[in-house]
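Participant: What follows is the residue order along each chain.
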Amino acid sequence: MQYNWHWKVLLEAEPGGTGTYLQYLIVGLGWTLVTALAAWVIALAVGAAVGTIRTTPLHWLVRLGNLYVEIFRNVPLIVQMFLWFFVVPELLPKALGDWIKQMPPPWGSYLPAVMCLAIFTSVRVAEQVRAGINSLPRGQRMAGVATGLTEAQAYRFVILPQAFRIILPPLTSEFMNVIKNSSVALTIGLLELTGRARAMQEFSFRVFEAFAAATVIYLLTNLIVVLAMRALEKKVRVPGLIAAGGAPQAGH
Amino acid sequence: MFAGYDFDVIERSLGYLFREGMTFTLTLTLLAMTGGIIFGTLLAMMRLSSIRVVSVIAGGYVNLMRSLPLVLVIFWFFFLVPYIGAWITGASQPVKVGAWMSAVITFTMFEAAYYCEIMRAGIQSIPRGQVWSGYALGLNYWQTMGQVVLPQAFRNMLPVLLTQTIILFQDTSLVYVISATDFLGAASKVANRDYRLVEMYTFVAVVYFIVSYSLSLLVKQLQDRIAIIR
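The listed protein sequences derive, respectively, from chains A and B.
As numbered in our numbering, residues 371 to 622 make up the first sequence, in order.
As numbered in our numbering, residues 203 to 432 make up the second sequence, in order.
By construction, these hints were calculated from the structure, which means they are not laboratory data.
Misleading hints may appear alongside valid ones.
Derived DEER-like restraints, expressed as beta-carbon distance ranges [to be verified]:
1) A/A415 to B/F209: 46 to 52 angstroms
2) B/S418 to A/V606: 30 to 36 angstroms
3) B/W302 to A/F578: 19 to 25 angstroms
4) B/L341 to A/Q523: 34 to 40 angstroms
5) A/A383 to B/S418: 48 to 54 angstroms
6) B/W302 to A/I396: 33 to 39 angstroms
7) A/F578 to B/S381: 17 to 23 angstroms
8) A/P609 to B/I253: 36 to 42 angstroms
9) A/G387 to B/L266: 32 to 38 angstroms
10) B/L341 to A/Q393: 55 to 61 angstroms
11) A/G559 to B/S257: 40 to 46 angstroms
12) B/S418 to A/L428: 22 to 28 angstroms
13) A/R433 to B/V297: 50 to 56 angstroms
14) A/E572 to B/V408: 47 to 53 angstroms
These stretches of chain B come out as covered by chain A in the derived footprint (C-beta under 8 angstroms, 3 or more residues) [said to hold, decoys possible]:
15) 278-286
16) 376-383
Since we're looking at a predicted model, the values are computed, not measured.
Cβ atoms here follow ideal geometry from the backbone N, Cα and C, with glycine treated the same way.
With the rest of the complex left out, here is chain B (with noise of 0.2 angstroms):
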């Protein structure tokens, strides 16, 4: 069956697969995750805050995000990042900015949504006597926030944050459409020079697979050990 399929094509380029396309894969991850997970708490806080205004901002916001196609939002970005930079710095042309640059915004204000929806859920978890109690000490409320609700709604909600993270793991692979070197993207490249699609289509979902598999049975432990301590 596998008769005239080269699978050395998969040996001859794993340094650059896993040098250029891995690196970028987890560094954007890493990247898009921490600020993401900063912005959606933010956005959270923001959606629950009793000011009007500042709520329907950070819903209209997240509902926005939420309904489009991460496609859709990647092209938007890609796009749209030049304008607001020359915008920012007052420039006449719009700003070069790579697809590098472009993907860490795109994903760090996308995942944002999805982050800032688990940790409202988080924050809503948590006894409102925690927050008064927080008062009734003299916190005002960034100490509260910071210092009594966000560590355990934070901690309430780690599982989910994580598998959340997992997701956006994979939803990275998108940057494919504006031509990045990603895991998938340097993987697409050696396939298109070499013409073996097949190998590498297959070695990237193997990859992928371990990956978040791997990753998936780590939260999974996690859960249960949060869940026996509370």
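If we strip away everything but chain A, and leave its shape as in the complex, we get (with noise of 0.2 angstroms):
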């Protein structure tokens, strides 16, 4: 049994006209990213929002909080993606909704993808801040306030400042997993990466070379974004507490 690999596969001009395959794929790498910083942008936001408010003593807020991140904590990535996708336009009164379906490719897919990602990522993001805060000892937050600071200048100036320096670590992998994540959105019909894999896979019937292209750019792309992280969080590390390992997590 012998597979013939075929590697020039990938200087052959793709059937669409906009080049070779592999201009096609880093076309794709360049979908990947711009999707999943944009999701990331807002995922940070809402994220630093929701978890800072679970640690809040507003009890309604905190459920709330609590809430948000359990809904969306629970159902699968494509099925999200689905509801953001085919549920939510018909949902929204008829005009918001038309013009969302009726976008021009890729943007029809490009918005939902990019809410469902920045509202899945967000959920964890939200988890890391809480536990960062409530990594602090108690004794940060009594000072700030006895300082004669109001509770959201301790937070401010404080609270937030230490946590974020705290979980830079695991805010990179929750990055790194939006990176990932973002392939889902295949399922909708965005040609990001993998989804170009694939498609390439489809017009040239070379397999192998389609995936293990993307496999290539996806390594890249992960030591990149590794190096660039760990020389930001030697600038940002906290002086004088040990490198956050952290506890193991389950993920994905």
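Put the complex together from the two separate chains, hints included.
Facilitator: Here it is as structure tokens:
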């Protein structure tokens, strides 16, 4: 049983006429990154807010935050993707829903994909932010309030700056998760890297070359993210703290 | 707001959804969990091995799996397994492997990497003295691992292993990309046949939520119980 490798296929023209297959995949990586980055920015903002809220003494806000986290943590990503793509436009006011549905490709898939990944990831960010805040000694908050800061100022100037620096390593792996999870967007028609590898396999019948190329691109992307984040982590590490290893966590 | 929606479609297809779809999903989850934990534990032992080649191979495998999107890995195995099958059996043509078999292999191999990291942390959480006393009693490596270290590691990590299994349960819905009829796949087929996407996908989300959330509550309870005993 022999598989005949044919790596030159990467330099052959893809049927869409936009260039070689290699360029086609690189553009896919671009879409992967643009999707992941947009989702990441929203996820950080929403996740920081929800995570912070869950550490406040306001009971009903904490409940609301917990509800949000439980809902989006217990539904599979692909199902959430379908909800954003198929269901949400139907439930919105008709004009808005129609506008979304009629957006030219790829934006019609891009917007739901970004929203879905953003909310899905925000839950995980919220968990990290909450864990980070709770890992600080209680004295920090008390000292803040004792020096005359309001509760909000204590968060702004004492608690959050430390918490964010502590949780940077787990946030790195969440960022890599967004990049990986963005591949699920292929199910709603977004041609990101995995989607394009799949399409290339269908056009060219070169199964393993297509997936191997995508694999290498993903690994290189991971490597770059890890190196960049490691440099950042070194810069913002809180002096005097042992590098946060953290308890083992389930993930995907 | 729900005028024009036909929620009867759910009732009409309940039998199909659960007999075909949910059975597929649950069987796949259980098989992949069992296989994944066994293979993952072996990988963890390999990663902690003092033989460098062994630990490098296991580490490479785990890091590779953890760097790739699950969807891509599903595609890889879907196309690769027939070739591996042919290579093992010596056939001249790729062996026909259905979506089911392919899914079981994929999820076992993929989740093993994640279970490995959990088990590795579990093994490392056992005091070294346990291993030494095992050897001092005359047990060999496999006896020490099997009768002293792993039972404790497994017990310490049980909540995390189960949480990972809930994630696995959710992740199995990705077999949609190879057109397998899991719970989501079955619902999707009904949804597209009757053009009832809103109703079906909402229902699917609710069912997944109920199952995952109940399981996570159980895990939390278990975690508290173990914490007290320890």
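Participant: Are the hints correct? Go through all of them and say.
Facilitator: Each hint, compared with the structure:
For the pair A/A415 and B/F209, the beta carbons lie near 36 angstroms from each other, so the given range of 46 to 52 angstroms is not met. The hinted window of 30 to 36 angstroms between B/S418 and A/V606 holds, with their beta carbons roughly 33 angstroms apart. Look at B/W302 against A/F578: about 22 angstroms separates their beta carbons, and that is inside 19 to 25 angstroms. Range check, B/L341 to A/Q523: about 60 angstroms between beta-carbon atoms, so the 34 to 40 angstroms window is missed.
For the hinted restraint 48 to 54 angstroms between A/A383 and B/S418, the CB-CB distance of approximately 50 angstroms keeps it satisfied. The hinted range of 33 to 39 angstroms is satisfied by B/W302 and A/I396, whose Cβ atoms lie roughly 35 angstroms apart. Roughly 20 angstroms separates the CB atoms of A/F578 and B/S381, a value that falls within the hinted 17 to 23 angstroms. At roughly 38 angstroms, the beta carbons of A/P609 and B/I253 sit within the given window of 36 to 42 angstroms.
Roughly 34 angstroms separates the CB atoms of A/G387 and B/L266, a value that falls within the hinted 32 to 38 angstroms. Evaluation of the 55 to 61 angstroms hint for B/L341 and A/Q393 yields a pass: the beta carbon distance comes to about 59 angstroms. Between A/G559 and B/S257 the C-beta distance comes to about 42 angstroms, which sits within the given range of 40 to 46 angstroms. For the pair B/S418 and A/L428, the beta carbons lie near 24 angstroms from each other, so the given range of 22 to 28 angstroms is met.
Taking the beta carbon of each, A/R433 and B/V297 are about 54 angstroms apart, inside 50 to 56 angstroms as hinted. About 34 angstroms separates the C-beta atoms of A/E572 and B/V408, a value inconsistent with the hinted range of 47 to 53 angstroms. Judged by the Cβ-Cβ criterion of 8 angstroms, the region 278-286 of chain B is covered by chain A as claimed, because 4 of its residues qualify and three suffice. Here's how the region 376-383 of chain B fares: 3 of its residues keep a CB closer than 8 angstroms to some CB of chain A, so the rule of at least three is met and the hint holds.
Consistency with the previously given hints fails for numbers 1, 4, 14, ordered from lowest to highest.
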